[in-house]
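Using the sequences provided together with the hints, build the complete structure.
Residue numbers (the numbering used here), protein chains in the order written: chain C, 441 to 535; chain E, 1102 to 1333; chain R, 4 to 120.
Source of the hints: derived by calculation from the structure; they are not laboratory data. Glycine included, each C-beta is placed from N, C-alpha and C at the ideal position. Watch out, some of these pointers could steer you wrong.
Said to hold, decoys possible - Pairs of lysine-lysine residues, derived as DSS-like cross-links and limited to a Cα-Cα distance of at most 27 Å, are as follows:
hint : chain 1 : residue 1 : chain 2 : residue 2
1    : R       : Lys-108   : E       : Lys-1163
2    : R       : Lys-37    : R       : Lys-108
3    : C       : Lys-471   : C       : Lys-450
4    : E       : Lys-1222  : E       : Lys-1200
5    : E       : Lys-1259  : E       : Lys-1274
6    : E       : Lys-1274  : R       : Lys-108
7    : R       : Lys-108   : E       : Lys-1259
8    : E       : Lys-1302  : E       : Lys-1205
9    : C       : Lys-471   : R       : Lys-7
10   : E       : Lys-1302  : E       : Lys-1314
11   : E       : Lys-1302  : E       : Lys-1200
12   : E       : Lys-1314  : E       : Lys-1200
13   : E       : Lys-1331  : E       : Lys-1314
14   : E       : Lys-1302  : R       : Lys-108
15   : C       : Lys-450   : E       : Lys-1205
16   : C       : Lys-450   : R       : Lys-7
17   : E       : Lys-1302  : E       : Lys-1274
18   : C       : Lys-532   : R       : Lys-7
19   : E       : Lys-1259  : C       : Lys-471
20   : C       : Lys-532   : C       : Lys-471
21   : E       : Lys-1331  : E       : Lys-1200
22   : E       : Lys-1222  : E       : Lys-1205
23   : E       : Lys-1331  : E       : Lys-1302
24   : E       : Lys-1163  : E       : Lys-1222
25   : E       : Lys-1205  : E       : Lys-1314
26   : E       : Lys-1205  : E       : Lys-1259
27   : E       : Lys-1200  : C       : Lys-532
28   : E       : Lys-1222  : C       : Lys-450
29   : E       : Lys-1163  : C       : Lys-471
Unchecked claim - With beta-carbon atoms standing in for the labels, derived distance ranges:
hint : chain 1 : residue 1 : chain 2 : residue 2 : range
30   : R       : Gln-120   : E       : Thr-1317  : 23 to 33 Å
31   : R       : Pro-28    : E       : Lys-1331  : 36 to 46 Å
32   : R       : Glu-13    : E       : Glu-1271  : 20 to 30 Å
What the hints assert, rightly or not - Stretch-level coverage of chain C by chain R, calculated; a stretch enters the list once three of its residues show a Cβ under 8 Å from a Cβ in chain R:
hint : stretch
33   : 451-464
34   : 487-493
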Amino acid sequence: MSQIFQTGDKVRVLEAHPPGHRRTPYYCRGKVGEIERVCGEHRNPEELAYGFDGEPLRRLYRVRFRQADIWGGYDGPENDTVDIDIYEHWLKPAQ
Amino acid sequence: MADEREPHSHDHDHDHDNMDADAHALEHIHDHDRQFQPDIEDTPPERYELMTYAIRELLIEKGHVTADEIRQAQETLDSWQPSRGAQIVARAWTDPSYKERLLKDGNEAMADFGVDAGGAKLTVLENTEDVHNVVVCTLCSCYPRAVLGLPPDWYRSKAYRSRVVVEPREVLKEFGTEVEDDVTVRVHDSLADLRYLVIPKRPEGTEDWSEDKLATIVTRDSMVGVVNPKAS
Amino acid sequence: MAEKFTSANEPGRGYHDIGGLDYGPVDPETTEIKPWEKLSIAIGNSMGGQGRKIVNTDMGRRAREGMGEEMYNALDYFERTTESTKITLVEQGLFTEEELEARMKEIESRLAEVRAQ
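Below, the structure written as structure tokens:
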């Protein structure tokens, strides 16, 4: 499967709240961050959790978010970040 | 009950060190009719302790796993200690080429110390003059167990999991750690197969220390990023 | 002050998904992990490898997220580990809750007998 994002790309996490086992935390959904690194392909945990084999493999990215872009009123330094491991199917390009 | 406290020998196929008194008593009761007298807790085991033993027995009886496989898993778990992480950090502090290997591929570099993290991708983060890293798993308590052992109470707590992503500097203060405003704090939420190990900043005054001596000041908490190692 | 969430009870948010909530000050004190607690982890570790799909990490996590908020908040981490292993094994038909409870009572009696001597 061809890789959609590169390091440095701006991405937005889907504003989606599907039921079931998900590993994209609520606090980053709908938020914009930047691809910090590409992390290889893995079996999809959302499917492994139900006894499927988790294939086809999904690409994982580390996405870096500015704290100020996630939390309103964040009062730490503006360079502070939170890095989250997020799967490709949860991301779309951001302007 | 004349000899109830007298120790006796028989074939031991279990490991006393890895087993608590009740589990030990269980195995002996299975093995033979005569009751053995280990040091036993005075209070009865609680519900989830009993449930754990019961699950183990049923799994073995139904052939899904052997007692030996569980024992081996216990021994592997016991070999996972923060001292391993400390050795790795001490090597990184003294050997810049090792540090580069660690930052490039944690699994490959840590294999030098016999570390096998299974499917986990050990990812190493370096604290510097400009960046302070701190690790969490907000959804459960994922943690680089192969090099740090099992996570401590505070790492597993809802307080830490909920707050360190949103107010990391305040949480660090609760550990006695202040990070200056000109240092960036990066929180890492490890929710997939990556497991993070922090190389904390080497304190001043340790320039001529041996690797072994350095390892003694690298605490588990410093490798998660909530405290900085101290020279004294 | 960063605006934290006030409740995990938002549509599509699991009760385990707590990043950004405020569960109070962190207590840096640690307690020793008991042998049965290590066993609860070792059981899962022994089953998840060698191609066995009976228990894997992801199923265990799903069970933690599915045990219900009350239980999730009442139990500590290792109790939840055992509870989630149980849920996964019962779901797979390896044993029933009744079988398990019966075995727990039996073990309790065995241990009480030994203690009584």
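Consistency of the hints with the structure:
A threshold of 27 Å between alpha carbons decides the hint, and for Lys-108 of chain R with Lys-1163 of chain E the separation of about 19 Å falls inside it, so the pair holds. Using a Cα cut-off of 27 Å, the hinted pair Lys-37 of chain R and Lys-108 of chain R holds, with the two alpha carbons roughly 21 Å apart. Distance check on the hinted pair: Lys-471 of chain C and Lys-450 of chain C sit about 11 Å apart at the alpha-carbon level, within 27 Å; holds. Taking the CA atoms of Lys-1222 of chain E and Lys-1200 of chain E, the gap is about 17 Å. The hint holds against a cut of 27 Å.
Between the alpha carbons of Lys-1259 of chain E and Lys-1274 of chain E the distance comes to roughly 17 Å, so the proposed pair stays at or under 27 Å and holds. Distance hint between Lys-1274 of chain E and Lys-108 of chain R is unfulfilled; the C-alpha atoms sit about 46 Å from each other, more than 27 Å. Among the hinted pairs, Lys-108 of chain R with Lys-1259 of chain E is inconsistent with the structure: their alpha-carbon atoms are about 32 Å apart, more than 27 Å. Simply put, Lys-1302 of chain E and Lys-1205 of chain E have alpha-carbon atoms about 18 Å apart, close enough for the 27 Å limit, and the pair holds.
With a C-alpha separation of about 15 Å, the suggested pairing of Lys-471 of chain C with Lys-7 of chain R holds against the 27 Å cut-off. For the proposed pair Lys-1302 of chain E and Lys-1314 of chain E, the alpha carbon gap of about 15 Å is at most 27 Å, so the pair holds. Among the hinted pairs, Lys-1302 of chain E with Lys-1200 of chain E is consistent with the structure: their alpha-carbon atoms are about 13 Å apart, no more than 27 Å. Straight-line distance between C-alpha atoms of Lys-1314 of chain E and Lys-1200 of chain E comes to about 18 Å, which keeps the hinted pair within the 27 Å bound.
Straight-line distance between C-alpha atoms of Lys-1331 of chain E and Lys-1314 of chain E comes to about 12 Å, which keeps the hinted pair within the 27 Å bound. Only pairs whose Cα atoms come within 27 Å are accepted, and Lys-1302 of chain E paired with Lys-108 of chain R is rejected, the gap being roughly 52 Å. Note on Lys-450 of chain C and Lys-1205 of chain E: the hinted pairing holds, with a Cα-Cα distance of about 24 Å set against a maximum of 27 Å. For the given pair, Lys-450 of chain C sits about 25 Å from Lys-7 of chain R by alpha-carbon distance, which is consistent with the 27 Å threshold.
Using a Cα cut-off of 27 Å, the hinted pair Lys-1302 of chain E and Lys-1274 of chain E holds, with the two alpha carbons roughly 17 Å apart. Only pairs whose Cα atoms come within 27 Å are accepted, and Lys-532 of chain C paired with Lys-7 of chain R is accepted, the gap being roughly 25 Å. For the hint pairing Lys-1259 of chain E with Lys-471 of chain C, the CA-to-CA distance comes to about 23 Å; that is within 27 Å, so the pair holds. For the hint linking Lys-532 of chain C to Lys-471 of chain C, the alpha-carbon distance of about 11 Å falls within 27 Å, and the restraint holds.
For the given pair, Lys-1331 of chain E sits about 20 Å from Lys-1200 of chain E by alpha-carbon distance, which is consistent with the 27 Å threshold. Of the supplied pair hints, the one linking Lys-1222 of chain E and Lys-1205 of chain E holds, its CA atoms being roughly 11 Å apart against a limit of 27 Å. A threshold of 27 Å between alpha carbons decides the hint, and for Lys-1331 of chain E with Lys-1302 of chain E the separation of about 10 Å falls inside it, so the pair holds. A C-alpha spacing of about 33 Å is found between Lys-1163 of chain E and Lys-1222 of chain E, which places the hinted pair above 27 Å, so the restraint is violated.
With a C-alpha separation of about 26 Å, the suggested pairing of Lys-1205 of chain E with Lys-1314 of chain E holds against the 27 Å cut-off. Restraint check: the Cα-Cα separation between Lys-1205 of chain E and Lys-1259 of chain E comes to about 32 Å, which exceeds 27 Å; the hinted pair is violated. Among the hinted pairs, Lys-1200 of chain E with Lys-532 of chain C is inconsistent with the structure: their alpha-carbon atoms are about 35 Å apart, more than 27 Å. Distance hint between Lys-1222 of chain E and Lys-450 of chain C is fulfilled; the C-alpha atoms sit about 24 Å from each other, no more than 27 Å.
Distance check on the hinted pair: Lys-1163 of chain E and Lys-471 of chain C sit about 48 Å apart at the alpha-carbon level, beyond 27 Å; violated. Roughly 45 Å separates the CB atoms of Gln-120 of chain R and Thr-1317 of chain E, a value that falls outside the hinted 23 to 33 Å. The beta-carbon spacing between Pro-28 of chain R and Lys-1331 of chain E, approximately 23 Å, falls outside the hinted interval of 36 to 46 Å. Hint check: Glu-13 of chain R to Glu-1271 of chain E, Cβ distance near 23 Å, so the stated range 20 to 30 Å holds.
Counting residues of the stretch 451-464 of chain C whose C-beta sits closer than 8 Å to any C-beta of chain R gives 7, which meets the bar of three, so the coverage hint holds. Counting residues of the stretch 487-493 of chain C whose CB falls under 8 Å from any CB of chain R gives 4; the rule of at least 3 is met.
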